[in-house]
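*Asks:* Letter by letter, the chains look like this.
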Amino acid sequence: MDPLWLALFIAFAFALTALLAPWVAPYDPIEQNLSATLQGPSWANLLGTDHLGRDILSRIIHGARPTLLTSSIAVLIAGSLGISLGMISGYFGGLADALIMRVMDFLLAIPAILLALLVIVILGPGPSSAMFAVAVVGIPEFARLSRSQILSLRTREFVLASKSAGASTTRLLFRVLLPNSAGPLVAQAIVLAALAVFLEAALSFLGLGVPPPDPSWGQMVSAGKSYLQYAPGYSLFPGVAIAILILSLDVIADRIRLHFSGDENSITEAPTKAA
Amino acid sequence: MFRSSTESANHVDNGNNSQADTVLLSADAVEMRFASRKSLFSRSSSSVVAVDGVSFTLSSGEALGLVGESGCGKSTLARISAGLYKPTSGIVRLDGKDINSMSRKRRKQFHRQVQIVFQDPFASLDPRRSILEIITEPLRIHRIGNRKSQRERAIDLLQDVGLDEEVLDRLPRDFSGGQRQRISIARSLALEPAVLILDEPVSALDVSVQAQFLNLLQGLKERLNVSYLLISHDLAVVSLVADRVAVMYLGRIVEVGRTEDIFTKPTHPYTAALISASPERSGETGGAKRIILEGDPPDPANPPSGCSFRTRCWKAAEKCASEKPMLVERRDGQASACHYPEL
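If you read the sequences in order, they're chains A and B. Sequential numbering of the first sequence, starting at 1, is according to the working numbering. Sequential numbering of the second sequence, starting at 276, is according to the working numbering.
You may find that some hints are simply not true.
Unchecked claim - When the alpha-carbon atoms are kept at most 30 angstroms apart in a straight line, the in silico DSS-like pairs for lysine-lysine are as follows:
| # | chain 1 | residue 1 | chain 2 | residue 2 |
| --- | --- | --- | --- | --- |
| 1 | A | 163 | B | 590 |
| 2 | B | 540 | A | 163 |
| 3 | B | 540 | B | 594 |
| 4 | A | 163 | B | 383 |
| 5 | B | 423 | B | 361 |
| 6 | B | 361 | B | 540 |
| 7 | B | 383 | B | 372 |
| 8 | B | 540 | B | 590 |
| 9 | A | 163 | B | 599 |
| 10 | B | 496 | B | 380 |
| 11 | B | 423 | B | 380 |
| 12 | B | 380 | B | 361 |
| 13 | B | 423 | B | 496 |
| 14 | B | 496 | A | 163 |
| 15 | B | 599 | B | 361 |
| 16 | B | 372 | B | 423 |
| 17 | B | 383 | B | 361 |
| 18 | B | 594 | A | 163 |
By construction, these hints were calculated from the structure, which means they are not laboratory data.
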């Protein structure tokens, strides 16, 4: 079976679960049961319980929420800012281009986790800071991608044709250039979503994300560290959830990129109909 | 609608018939210089002069052909005339007004009157849009009509170029080169422009399709009274449609005049060579021997001193190296830039 279908299914299942968490989860994620702590998987608790007796499955289900929220918002912010900067850079060139690209190069030179931490240090810990941190990490690649798309498209004849018909710069940018650059940008959005899952987990692991008792995957992995010998499931299950989601998103992103690089926008494409 | 007439411009130098023609589009000593750094490490930059002081006039209802080898600057000149590039010096005028110092509003009006059709049919249509959207885009930009009237106009335009209504909802990738060029023409006529600039419109088409296409152009010109600036490296193409022809070499116009005059009595050696190289036309110069030019065109970044054609010219003399020939009127309506023209 084509892995793409599995990946899509997983991604959608995750999103759905996150949205419908209160109805899907068997138990209240913060309800403690101190008489049944660190239990292994059983019929009562399919994935076991944590050190406070809370159901791990329910916590994983609810933990999908901050992950979904952070990725979506981060991709949205990084996408709109990054693509805009890239368009300005690519279309207008000159000083604006030089400045913007130098800043982007600087951001790209810093490893993602460090950059995210830097932002957290400035903004203070918490779920919204995590969103901005991931957004900042994601902006430069969007800028570079959209810039290179614009650069290669702006001298194409169909763009010049619109220009010679009197199209304004805004129209050229948003109605002609952007739609024709969409493919690789969509792929990048999904790549960033995968990275966002990872970064959010990392930040939560470090205690800089969602504060307890609300569950988040990274934080669960961190809390489970101390009990790896007796109850490995505590860290393992959320860890597996993180890995599966990232893998699925990457498979999807890869497919999208492949689809768009065998370019339907290529000038040398042969017509499908004879003269 | 907006074809305003203007007083005849003074155009002694380029062989225009001064009988009360209204000059629509004109270029005045237009120069386009592209700067390029010699290498990644050099600090100095050499410049390529793609268009070197070109002047021409295009009158109402007239077709002016522009011929020359690849790299002679004709496409650059076309784009400058269409307002897509700003020349490094010189002025392009529409109805007597400098197009590059127009207000934004006036500039938009300019675009309604001057349209351009490009060479590559596979790159000149937005691949993501339907033919309807492509053709009506100029109408939407200038807010002419509503959805319904725009669609009707698109159908009329398609009819003008010999295509059927069912083409409207399809995408460019469904069509051949010849069909795409027709669509490009349909789009360019949407605003009823006074001037249509055609940059090598048939070069990418099969020979059999070329003839059809040129007939279409000829028909449209007569019916719609559009002026053409027709650019091609192919003399035969130009001779079919153009009333006057200008010959370009390395960024300069070396000869200009009425089509019949240029082809039967060329005064510039380059023109003569071009004609003798074209199989259909060489008979008209009285069976003159085939002229074969030696060498390659010089590097535009480093052109020869004086007359840039002298390195390939069999008549070249001392004067040609020291003095740049100016475009001078030889016979009624015909001018060339040569120190030793064939009269």
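*Asks:* Hint by hint, say whether it matches the structure.
*Replies:* Against the structure, the hints:
Restraint check for residue 163 of chain A and residue 590 of chain B: the C-alpha separation of about 45 angstroms exceeds 30 angstroms, so the hint is violated. Taking the CA atoms of residue 540 of chain B and residue 163 of chain A, the gap is near 40 angstroms; set against the 30 angstroms cutoff, the hint is violated. At most 30 angstroms may separate the alpha-carbon atoms for a hinted pair to count; residue 540 of chain B and residue 594 of chain B meet this at roughly 24 angstroms. For the hint pairing residue 163 of chain A with residue 383 of chain B, the CA-to-CA distance comes to about 10 angstroms; that is within 30 angstroms, so the pair holds.
Between the alpha carbons of residue 423 of chain B and residue 361 of chain B the distance comes to roughly 37 angstroms, so the proposed pair goes past 30 angstroms and is violated. Only pairs whose Cα atoms come within 30 angstroms are accepted, and residue 361 of chain B paired with residue 540 of chain B is rejected, the gap being roughly 35 angstroms. Between residue 383 of chain B and residue 372 of chain B, the direct Cα distance comes to roughly 14 angstroms. Compliance with the 30 angstroms bound is thereby established for this hinted pair. Distance hint between residue 540 of chain B and residue 590 of chain B is fulfilled; the C-alpha atoms sit about 17 angstroms from each other, no more than 30 angstroms.
Restraint check for residue 163 of chain A and residue 599 of chain B: the C-alpha separation of about 37 angstroms exceeds 30 angstroms, so the hint is violated. For the hint linking residue 496 of chain B to residue 380 of chain B, the alpha-carbon distance of about 28 angstroms falls within 30 angstroms, and the restraint holds. Only pairs whose Cα atoms come within 30 angstroms are accepted, and residue 423 of chain B paired with residue 380 of chain B is accepted, the gap being roughly 26 angstroms. For the given pair, residue 380 of chain B sits about 17 angstroms from residue 361 of chain B by alpha-carbon distance, which is consistent with the 30 angstroms threshold.
For the proposed pair residue 423 of chain B and residue 496 of chain B, the alpha carbon gap of about 27 angstroms is at most 30 angstroms, so the pair holds. Between the alpha carbons of residue 496 of chain B and residue 163 of chain A the distance comes to roughly 24 angstroms, so the proposed pair stays at or under 30 angstroms and holds. Annotation: proposed proximity of residue 599 of chain B to residue 361 of chain B holds, straight-line Cα distance about 25 angstroms (limit 30 angstroms). A C-alpha spacing of about 35 angstroms is found between residue 372 of chain B and residue 423 of chain B, which places the hinted pair above 30 angstroms, so the restraint is violated.
For the given pair, residue 383 of chain B sits about 15 angstroms from residue 361 of chain B by alpha-carbon distance, which is consistent with the 30 angstroms threshold. This hinted pair does not check out: residue 594 of chain B and residue 163 of chain A have alpha carbons roughly 45 angstroms apart, beyond 30 angstroms.
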